[in-house]
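So the chains spell out like this:
4 protein chains.
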Amino acid sequence: MGIRLSANNYGKSRVRMVQVVRGRERNHLKDISVGIQFSGDFDAAHIKGDNRKILPTDTMKNTVYALAAEGPADPIEDFASKLSHHFLCNNPQLASVRVEITENLWTSILIGKKLHPTSFMRAGQEKRTTAVIATRSQLRIESGIDDLLVMKTADSAFDGFLRDAFTTLPETRDRLLATVVKATWRYRGDRAPFDACWNQVRETILAAFARHKSESVQHTLYAMGEAVLKRQKAIDEIRFSLPNKHCLLVDLSRFGLTNNNEIFVPVDEPHGLIEATLRRT
Amino acid sequence: MGIRLSANNYGKSRVRMVQVVRGRERNHLKDISVGIQFSGDFDAAHIKGDNRKILPTDTMKNTVYALAAEGPADPIEDFASKLSHHFLCNNPQLASVRVEITENLWTSILIGKKLHPTSFMRAGQEKRTTAVIATRSQLRIESGIDDLLVMKTADSAFDGFLRDAFTTLPETRDRLLATVVKATWRYRGDRAPFDACWNQVRETILAAFARHKSESVQHTLYAMGEAVLKRQKAIDEIRFSLPNKHCLLVDLSRFGLTNNNEIFVPVDEPHGLIEATLRRT
Amino acid sequence: MGIRLSANNYGKSRVRMVQVVRGRERNHLKDISVGIQFSGDFDAAHIKGDNRKILPTDTMKNTVYALAAEGPADPIEDFASKLSHHFLCNNPQLASVRVEITENLWTSILIGKKLHPTSFMRAGQEKRTTAVIATRSQLRIESGIDDLLVMKTADSAFDGFLRDAFTTLPETRDRLLATVVKATWRYRGDRAPFDACWNQVRETILAAFARHKSESVQHTLYAMGEAVLKRQKAIDEIRFSLPNKHCLLVDLSRFGLTNNNEIFVPVDEPHGLIEATLRRT
Amino acid sequence: MGIRLSANNYGKSRVRMVQVVRGRERNHLKDISVGIQFSGDFDAAHIKGDNRKILPTDTMKNTVYALAAEGPADPIEDFASKLSHHFLCNNPQLASVRVEITENLWTSILIGKKLHPTSFMRAGQEKRTTAVIATRSQLRIESGIDDLLVMKTADSAFDGFLRDAFTTLPETRDRLLATVVKATWRYRGDRAPFDACWNQVRETILAAFARHKSESVQHTLYAMGEAVLKRQKAIDEIRFSLPNKHCLLVDLSRFGLTNNNEIFVPVDEPHGLIEATLRRT
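Chains as they are written, first to last, in the working numbering: chain A, 350 to 630; chain B, 350 to 630; chain C, 350 to 630; chain D, 350 to 630.
If a hint is listed, it holds; no wrong ones were tucked in.
Same chains, same names: a pair is fine if it fits in one copy or spans any two.
In the DSSO-like style, the derived pairs of lysine-lysine whose C-alpha atoms are separated by at most 27 angstroms in a straight line are: (1) 476 to 463; (2) 562 to 462; (3) 579 to 562; (4) 431 to 402; (5) 462 to 476; (6) 397 to 531; (7) 397 to 582; (8) 562 to 402; (9) 562 to 463; (10) 531 to 562; (11) 476 to 594; (12) 397 to 562; (13) 582 to 531; (14) 431 to 582; (15) 463 to 582; (16) 531 to 579; (17) 531 to 462; (18) 531 to 476; (19) 594 to 402; (20) 463 to 579; (21) 582 to 562.
What the hints contain is simulated information worked out from the structure, not anything from laboratory work.
Work the whole structure out from these sequences, hints included.
Okay, here's the thing in structure tokens:
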């Protein structure tokens, strides 16, 4: 019998950095967490314990800070590309590098109607993300939104579905629909106006979600994806992962009361999970 | 030897409710989590297994939904008072009731410049809280803010501190100051314009944090508390619990680079924790 | 109007340490997280930004490692006492110190029937805890168990309880009873065979839980506390905080099936919470 | 421009069940969380809002409980297979089903030297997992271990590694090595003595970890995988995902003290992450 080392990778996760860009009028804040993964020729390390081709993950961490010192990590897509380029150039043992960045968003504190120049508050739990996958011949850039919690209190139905012996769910033409949007999209090339694109995609997703006459989570997912691909030509493909954050109607009839579709129990588990990719043909 | 049942309480935690108030022009969303604790004469249950004075915690949960059916759980201070009043009136075995509510905040989705009437997104990780402690003779109302993450990139120093044999921290006149504000304050009576007060306290805390020339977390905590008590006469006392979310300057000199107070590592642990109560005299 | 600084404290939380005691035959592993809080004369720091009486929380962290270098942090009660003594002796500005330690438990890896001398695995999610509160005249030592998840599948009832208009819970003589035991007890003095006591208390709690004919969580809580106080004379007082980790019977009759008290849905929220202190009289 | 629905799936996550098997002498406890995902012909739901081929995720949840009523969900591999078979047989619109089960492990409470027949405690944070992927022609069964936290305090080195301009990590022949083992392996067919296999793989991993003279995480990963594939013929492939839970040596020289490789700070972030698959050739 033989044993073979198949797919393998290693790297550093959760390298956190806050970078303050100190402008003349105001400071700018960048708050990111970086993950780096190397793929390549690491058989000797695994099989013989020979570390000569292993760049320590501690060095990957140091590199994040060192490259940030050359200029702001902004936008995250460019910083991830820069990191992947640095690693590929300096490490012939690599076949590919994957750099993922998650950005926490901050906003200036508003006092009266004026933004304070050096004080900030977190702008929600929503995150901006990117993943750059670089080989010697190709750079693939994906960006995304994560943890964007939204809810519709009208225009959401779920009926006409398949039934079997274990189906007890009542049909409804009026339910709450809540989800935590996780969306990732692929850029056509390795250049794009990333900030503008991200903001447009986010706006498009929110507007599509809000306006949609939803027959199901699937139906709304598709509507959001279609709207993004129609509006944003720099994007070829978009993927959604949408938990159905169920809000169950409370049965008040047990107390002789009526629930006019107003009182719900949100439950975290179990939850539906709907995932799909839309692609330009 | 004898054994005595001393302080004891029981109740239901994390009773979640989403309530949709369906107005003519737009819906309003209330998303809360309720905790209820009873104190009173429960010796027989503990010692003899006699449950005749035990109202099930399941009933407490049902009561949240039943009372919400009488009218919106808004503001949370009034709903918590209503719940506590209901339980005290119907349960002679009770000495006191504590009702805590945590409210998740939502905002309408903005499309163009128009707020969508029935679609919402979460307004950050920040929470509005209340705790009502009711006895037969008294109602005490505390309200609060939780999970409000803020950062100053200027006007924060920490020097002139006490040193001992194990002190290695360098003094600084320019550091980052980040914290997650948890503040709770006590209202003078059981009536107040709770929504307006909460918004004012929040604004006051944010402005004081932003403008302060900080010599320490303690110094900024006091400045925030003083500003609130000065502005908001309905409040007698305010308490802060402020973790120091350290952002450590990265030493780039190891790579022959300079860090002009721009590149930091945020760390979650260990962290400072500064707590204090300010009271009107 | 005047404003007064009332109760206040500051310190360092989550100071983590792994200490390896390298014995002749085998290594011993201590994995702890320390929290330290100072109370005392800190008005000048809050009000004037004068840090001369503020020992940095970074120094508290360093002190944990420096004192551990003098000898193993074992048992945690003694190490917490040592820390509190050090801080009180060296800091006249202090009125009291609170040192909390949480210990993660590890066990040697068993190969065949032999314990490996230098390899370990975590012994569950259960934690051992202590809190030492020291003033100039007194040392109070509390110890505890946390995150000890237990379940009874027999000998648990809940009936004969109080009913009101919103009570829908069915009575039962046979339900599942699950909880996550959090217990803390106070030692009579500042010396005790802490390791032996902790193990005895843990065993006593588990045995009492297992054997009890439970009429409610309150009933079982009291039985566990009584058993501990009866057996362990070094302890004066014990407090429990017991969430009721509900396991709800699944209604299979909707599918024409019978559920013979065998199939349950565990739910995390909402949950009951039962708390009580038992004291020796 | 055209848009195409590409890869898509939907289902229910975190369907929790506790099943008590009431034996003559003792009860047995099964505590699982099930996730189900359907892939198939769902274009109409996405594009037209036509739900006729959509079995509600609520029905998937009900099916878990209904099938458990036919017999114990034990071992989880068989129960996952049964679920996948049920869904494929009854739903012609499906191309494939993925059923994942995570099992929380419990152990009887030991009183004296006797196991209590109806009282249990959680057996650590470690989990047993399975994923069954079923198509009309194939059944693929993967099983695994998750959250198994282990540490070596000897026989772990990391030196001779690649260095670049940003490398500052010192070489070491004696460090702590801690990781949280996540391993998943693929069974050759759809039948195997799953319980025995799982226990053997777990033992083999632990023994290999304990005994290995480690030159890196990669080196130990490979040793563990090789040991499993050598011992367990029913398994064709095994994959590990191993975070390097760094324990950093504390620099005590700043206080004039020596650290004889005894005092460490464990840090959660950043962390190394090493992943690899070993396959039988």
